[in-house]
Amino acid sequence: MDYGLSLIFTLPEIILTVSGLILLLIAAWGGGKSARLITILAVVALFGASAYALEFLTNPSFEFGGDAFDGLYRMDRFGSFAKLLIYFAAIVSLIVAPRFFKDNGSYSPEYPVLILFATIGMGMMVSAVDMMTLYIGLELNSLSAYVLASFIRNDIRSSEAGLKYFVLGALASGMLLFGISLVYGFAGSTNFTVISETLTGELSTGPLIGVVLVLAGLAFKVSAVPFHMWTPDVYEGAPTPVTAFFASAPKVAAIALTVRVIIDAFGGQTSTWQQIIVFVALASIVLGAVAGIGQQNIKRLLAYSSINNVGFLLIGLAAGTAQGISAMLFYLVIYVVMTLGSFICVMEMRDAEGKPLETLSSLAGLSRTRPGLAAAFAVFMFSLAGIPPLFGFWGKFLVFDAAVAAGMLPLAVIGIAASVIGAFYYIKVVKIIYFDDPSGEIVKTGHKTENALIALLAVAVSPLGYLAIPLLAPVTAAAAQALF
Amino acid sequence: MNQLDFPILSLMMGLPMLAAIICLFLGAHAARLLALATTLVLFALGVVLWANYDIGGPQWQYVERADLFGNFAWALGIDGISMMLIMLTVFLMPICIGASWESIKERVGEYMAAFLFMEVLMIGVFAAQDIFLFYILFEAGLIPMYLIIGVWGGANRIYASYKFFLYTLLGSVVMLIAMLWMVQDAGTSDIPTLLNYDFAVEAQTWLWLAFFASFAVKMPMWPFHTWLPDAHVQAPTAGSVILAGVLLKMGGYGFLRFSLPMFPEASAQFIWLIFGLSMVAVIYTSLVALVQEDMKKLIAYSSVAHMAIVTVGLFAFNRQGIEGAIIVMLSHGLVSAALFLCVGVIYDRLHTREISRYGGLAINMPKYAVFFLLFTMASIGLPGTSGFVGEFLSLIGLYQVNSWVTLVCTVGIILGAGYMLYLYRRVAFGELMHDDVKAMPDMSIREIALLAPIAAAVMWMGVYPESFMAPIRGDVGALVARIDRATPQGDAHLKMGQVKASPTTHETESSHGESH
Numbered sequence: 001m002d003y004g005l006s007l008i009f010t011l012p013e014i015i016l017t018v019s020g021l022i023l024l025l026i027a028a029w030g031g032g033k034s035a036r037l038i039t040i041l042a043v044v045a046l047f048g049a050s051a052y053a054l055e056f057l058t059n060p061s062f063e064f065g066g067d068a069f070d071g072l073y074r075m076d077r078f079g080s081f082a083k084l085l086i087y088f089a090a091i092v093s094l095i096v097a098p099r100f101f102k103d104n105g106s107y108s109p110e111y112p113v114l115i116l117f118a119t120i121g122m123g124m125m126v127s128a129v130d131m132m133t134l135y136i137g138l139e140l141n142s143l144s145a146y147v148l149a150s151f152i153r154n155d156i157r158s159s160e161a162g163l164k165y166f167v168l169g170a171l172a173s174g175m176l177l178f179g180i181s182l183v184y185g186f187a188g189s190t191n192f193t194v195i196s197e198t199l200t201g202e203l204s205t206g207p208l209i210g211v212v213l214v215l216a217g218l219a220f221k222v223s224a225v226p227f228h229m230w231t232p233d234v235y236e237g238a239p240t241p242v243t244a245f246f247a248s249a250p251k252v253a254a255i256a257l258t259v260r261v262i263i264d265a266f267g268g269q270t271s272t273w274q275q276i277i278v279f280v281a282l283a284s285i286v287l288g289a290v291a292g293i294g295q296q297n298i299k300r301l302l303a304y305s306s307i308n309n310v311g312f313l314l315i316g317l318a319a320g321t322a323q324g325i326s327a328m329l330f331y332l333v334i335y336v337v338m339t340l341g342s343f344i345c346v347m348e349m350r351d352a353e354g355k356p357l358e359t360l361s362s363l364a365g366l367s368r369t370r371p372g373l374a375a376a377f378a379v380f381m382f383s384l385a386g387i388p389p390l391f392g393f394w395g396k397f398l399v400f401d402a403a404v405a406a407g408m409l410p411l412a413v414i415g416i417a418a419s420v421i422g423a424f425y426y427i428k429v430v431k432i433i434y435f436d437d438p439s440g441e442i443v444k445t446g447h448k449t450e451n452a453l454i455a456l457l458a459v460a461v462s463p464l465g466y467l468a469i470p471l472l473a474p475v476t477a478a479a480a481q482a483l484f
Numbered sequence: 001m002n003q004l005d006f007p008i009l010s011l012m013m014g015l016p017m018l019a020a021i022i023c024l025f026l027g028a029h030a031a032r033l034l035a036l037a038t039t040l041v042l043f044a045l046g047v048v049l050w051a052n053y054d055i056g057g058p059q060w061q062y063v064e065r066a067d068l069f070g071n072f073a074w075a076l077g078i079d080g081i082s083m084m085l086i087m088l089t090v091f092l093m094p095i096c097i098g099a100s101w102e103s104i105k106e107r108v109g110e111y112m113a114a115f116l117f118m119e120v121l122m123i124g125v126f127a128a129q130d131i132f133l134f135y136i137l138f139e140a141g142l143i144p145m146y147l148i149i150g151v152w153g154g155a156n157r158i159y160a161s162y163k164f165f166l167y168t169l170l171g172s173v174v175m176l177i178a179m180l181w182m183v184q185d186a187g188t189s190d191i192p193t194l195l196n197y198d199f200a201v202e203a204q205t206w207l208w209l210a211f212f213a214s215f216a217v218k219m220p221m222w223p224f225h226t227w228l229p230d231a232h233v234q235a236p237t238a239g240s241v242i243l244a245g246v247l248l249k250m251g252g253y254g255f256l257r258f259s260l261p262m263f264p265e266a267s268a269q270f271i272w273l274i275f276g277l278s279m280v281a282v283i284y285t286s287l288v289a290l291v292q293e294d295m296k297k298l299i300a301y302s303s304v305a306h307m308a309i310v311t312v313g314l315f316a317f318n319r320q321g322i323e324g325a326i327i328v329m330l331s332h333g334l335v336s337a338a339l340f341l342c343v344g345v346i347y348d349r350l351h352t353r354e355i356s357r358y359g360g361l362a363i364n365m366p367k368y369a370v371f372f373l374l375f376t377m378a379s380i381g382l383p384g385t386s387g388f389v390g391e392f393l394s395l396i397g398l399y400q401v402n403s404w405v406t407l408v409c410t411v412g413i414i415l416g417a418g419y420m421l422y423l424y425r426r427v428a429f430g431e432l433m434h435d436d437v438k439a440m441p442d443m444s445i446r447e448i449a450l451l452a453p454i455a456a457a458v459m460w461m462g463v464y465p466e467s468f469m470a471p472i473r474g475d476v477g478a479l480v481a482r483i484d485r486a487t488p489q490g491d492a493h494l495k496m497g498q499v500k501a502s503p504t505t506h507e508t509e510s511s512h513g514e515s516h
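Residue numbers (the numbering used here), protein chains in the order written: chain A, 1 to 484; chain B, 1 to 516.
Be careful, since some hints might not be right.
Straight line, CA to CA, 25 Å or less: simulated SDA-like cross-link-like pairs of lysine to any residue [stated by the list, open to error]:
1) 428/A to 367/B
2) 428/A to 438/A
3) 428/A to 438/B
4) 164/A to 136/A
5) 297/B to 162/B
6) 105/B to 441/B
7) 444/A to 107/B
8) 163/B to 287/A
9) 105/B to 287/A
10) 163/B to 413/A
11) 163/B to 297/B
12) 448/A to 26/B
13) 297/B to 213/B
14) 428/A to 163/B
15) 105/B to 295/A
16) 105/B to 372/A
17) 367/B to 438/B
18) 444/A to 25/B
19) 163/B to 295/A
20) 444/A to 24/B
21) 163/B to 448/A
22) 428/A to 107/B
Anything over 10 Å on all C-beta distances counts as not near chain A; from chain B, calculated [unchecked claim]:
23) 70
24) 102
25) 110
26) 132
27) 318
28) 465
29) 481
30) 488
31) 497
Bear in mind the hints are in silico, worked out from the structure with no lab data behind them.
Note that CB positions come from ideal geometry on N, CA and C, so glycine has one too.
Construct the entire structure; sequences and hints are all you get.
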């Protein structure tokens with residue numbers, strides 16, 4: 001085994017691990033005062049890791065990737081692409097956090113450190129080609145996430161979110177582990193390639209249950225129906241920057257991980273996983289659309305919106321082709337931008353005393369009091385609904401294109417018809433913002449960084465985003481091709 | 001590039017887009033002026049477009065193409081049919097802006113921006129030569145219209161805007177799946193190429209249905225029309241004008257551009273569906289219009305009936321029918337827009353659309369009564385107005401296919417005369433009953449300036465329709481040639497009369513003589 005090469009391949013994770021540990025030490029000695037510095041350093045570390053991920057993604061000499069540590073970890077374009085997206089989401093969640101926590105005085109240096117550790121776990125997840133790496137990455141991410149969810153200790157909702165997430169997350173991990181052990185028992189290995197070579201033909205009941213349990217565990221992580229129950233509660237209870245982080249980065253990681261497991265490890269069992277994914281995708285679309293209608297809390301609403309969007313993403317996976325995976329990756333990029341944008345908009349919802357507001361009714365008539373924020377909100381909502389000409393449409397376009405190309409017409413038709421149900425609550429938000437009389441609860445905050453970020457993300461999902469297609473499409477195609 | 005050596009169509013989309021963005025940041029009066037100036041410049045560009053259009057030249061003119069988006073292209077180009085619809089759009093837009101001049105007082109900048117954005121999308125829909133570009137622009141119209149109805153609409157605006165948005169969205173999403181399938185089958189998203197691509201006959205059936213779902217809602221055809229009366233009644237006057245004048249034409253344009261030439265066999269196969277729904281629409285919505293108490297609702301129902309004449313004309317599969325349908329579309333675009341403006345004129349004075357609140361307007365508002373009468377007659381289809389030309393041609397075309405449907409549609413036109421004349425009698429004739437109505441001043445110069453151009457166009461189209469038919473003749477010819485193979489057999493089974501031998505003639509003459 002060539003340790004030198006293995007270390008090079010894992011450089012993004014190594015950079016983050018070393019910086020995470022150093023920052024933890026700084027935090028231990030520096031105390032609360034060092035929080036700001038540590039946040040900045042964590043962003044710098046993430047940029048460093050991104051530089052390497054970008055290098056792995058674009059440099060032709062890394063075109064075919066490579067295995068590290070005896071086939072436990074694989075550096076390839078697929079993983080690098082997902083990592084870039086994860087790092088981007090982590091950076092944004094770090095940038096907006098200090099201001100949010102400052103107002104209730106609970107910001108502390110552990111926040112950036114935990115984000116870093118979670119990010120390392122996600123990097124491991126998307127690069128895992130072995131069930132063990134997968135599990136370790138997943139748990140590293142999850143454990144950091146449990147703490148992040150309950151980050152505001154004296155807030156009962158935040159603590160409840162953390163606890164709920166922990167209990168249900170542990171259950172999902174248990175299912176996943178049980179599935180892994182069954183698959184291992186029948187395949188004789190935890191390595192994805194060996195599993196796919198061993199599990200061929202008609203599966204007997206044992207490995208079948210194993211596959212189903214692994215998929216169930218992963219479905220929990222991507223918050224797909226029927227394992228979505230934790231999502232609205234955790235999204236509502238967790239501090240908003242943490243929710244923004246949960247809805248973006250771990251989602252990318254979990255979906256990329258699911259893709260890799262399905263294509264690499266269970267690639268020989270298309271008929272087994274395909275029906276599960278088709279069901280999960282449609283159930284997520286429909287439930288995400290229907291259950292969101294009655295929500296009064298904007299964060300809960302966005303939670304259902306993310307369940308709904310995961311359903312659309314999984315349609316690309318259900319197609320099971322390189323085109324489908326490429327479509328998913330493109331959709332993920334747009335999804336991350338839209339999600340981060342809408343959550344930063346939520347963070348900007350402050351009353352005169354600076355207290356965060358979360359109810360839909362407080363948004364009433366926002367277009368009169370804060371026209372810029374209102375316009376951005378509307379752009380994100382229409383984009384999440386997938387109404388052209390906003391860029392959110394393009395993600396849906398690509399996954400449906402892949403589904404049609406794979407001959408899954410009924411799936412495409414049902415999925416797109418259900419998207420109309422979902423459109424209802426998005427336009428309801430627009431209605432509250434634009435049609436209702438102003439409630440005047442939300443005041444101007446004058447947060448320059450947040451406003452600039454919102455403007456940037458809103459422009460990215462505006463029709464101008466279409467100009468990025470020739471730029472991004474070859475990259476997603478190359479990343480997807482790495483799996484096949 | 002094209003006959004003008006510059007991308008005029010892109011300019012016609014870019015200019016209002018830019019103006020729309022600027023309007024968002026302007027004060028009320030500046031926004032009004034900018035919007036009016038922009039729409040007038042666009043109208044001038046439209047005239048340039050028409051003046052330089054080469055009748056009998058290549059089918060697609062002013063073609064431009066930029067492969068900007070990977071999977072699809074920014075491809076624009078127009079034929080005669082598109083050009084006439086673009087002309088209709090740019091002609092109505094300044095009138096819409098003028099109609100909102102005084103009635104819209106709140107959030108003027110955003111209002112003007114929404115209308116200018118709408119204009120970008122409407123021009124784009126008629127000019128798009130890439131099927132995905134068409135879809136994006138077609139769907140995008142939902143957003144500004146949703147805002148126009150919801151923000152500046154009447155009392156029940158929220159219900160109407162939801163219904164409009166969700167109804168039309170549900171109609172068109174399945175069309176996207178059909179488009180994806182078509183592009184994968186044909187290997188191109190270029191509309192001119194797709195127009196001549198023969199899809200397998202079995203596939204055509206469901207592709208046609210997917211497109212039908214979208215266009216039937218947009219058109220709207222009975223029973224998918226229920227969103228229209230709500231949207232019309234609640235929208236501000238200019239919103240109704242643009243909705244009836246141009247947006248409804250997108251449905252007819254879709255049938256003309258996609259359903260017929262791309263799926264000729266399926267179109268012939270579903271001719272019973274189109275005829276059946278259209279017959280119901282003509283009779284049923286006319287009867288519903290007869291009993292309306294609300295002026296806007298009455299005109300909205302009359303739109304459904306007129307659109308049914310368009311659909312039967314289009315699916316007559318012959319030149320007269322299709323040309324007639326296009327002229328009905330143009331004529332209805334002008335006439336219904338003018339009628340909504342007429343409603344707007346008196347609504348601005350009395351703030352009610354209830355028919356029974358008016359009466360005797362011919363006495364104190366003679367100018368208004370003249371205009372209103374002209375447009376009422378045009379809506380009925382009186383010879384000399386635009387309505388007659390289109391309906392007459394459509395029905396001639398239809399008669400070659402099915403005389404029973406023609407009979408029913410003609411009865412519908414008589415009913416149309418009924419409800420329009422009844423409306424006119426109740427509004428304009430009779431005694432001046434109410435004091436507030438008695439106090440209403442006649443039309444202002446602004447209002448006359450809005451209605452006079454439409455009146456001129458309506459008369460022009462009625463007296464010399466050749467101006468409007470010359471550009472579309474070649475394109476209709478190409479379409480008829482394309483769908484010729486699927487043309488259904490007419491029910492008349494006409495035979496050429498045999499020239500009878502002379503003795504027989506003699507006999508007849510003699511028998512004729514005997515009977516005397």
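Going down the list of hints, with the structure as the test:
1. 428/A to 367/B: With Cα atoms ~44 Å apart, residue 428/A and residue 367/B exceed 25 Å; violated.
2. 428/A to 438/A: 15 Å, holds
3. 428/A to 438/B: It is violated: about 43 Å lies between the C-alpha atoms, which goes past 25 Å.
4. 164/A to 136/A: 21 Å, holds
5. 297/B to 162/B: 18 Å, holds
6. 105/B to 441/B: 21 Å, holds
7. 444/A to 107/B: 20 Å, holds
8. 163/B to 287/A: 22 Å, holds
9. 105/B to 287/A: 42 Å, violated
10. 163/B to 413/A: This hinted pair holds, its Cα atoms lying about 21 Å apart.
11. 163/B to 297/B: Holds, at roughly 16 Å.
12. 448/A to 26/B: Distance of about 23 Å is within 25 Å: holds.
13. 297/B to 213/B: OK: residue 297/B and residue 213/B at ~24 Å, within 25 Å.
14. 428/A to 163/B: 12 Å, holds
15. 105/B to 295/A: 34 Å, violated
16. 105/B to 372/A: 21 Å, holds
17. 367/B to 438/B: Judged against 25 Å, a Cα distance of about 15 Å means the pair holds.
18. 444/A to 25/B: 18 Å, holds
19. 163/B to 295/A: 20 Å, holds
20. 444/A to 24/B: 19 Å, holds
21. 163/B to 448/A: Status violated; Cα separation ~38 Å.
22. 428/A to 107/B: 20 Å, holds
23. 70: Since the minimum Cβ distance to chain A is about 4 Å, residue 70/B lies within 10 Å and the statement is violated.
24. 102: Non-interface label stands for residue 102/B: nearest chain A Cβ at 22 Å, farther than 10 Å.
25. 110: 8 Å, violated
26. 132: 8 Å, violated
27. 318: 34 Å, holds
28. 465: 36 Å, holds
29. 481: Answer for residue 481/B: holds, closest chain A Cβ roughly 31 Å.
30. 488: 29 Å, holds
31. 497: 53 Å, holds
In summary, the structure is inconsistent with hints 1, 3, 9, 15, 21, 23, 25, 26 from the numbered list given earlier, while agreeing with the others.
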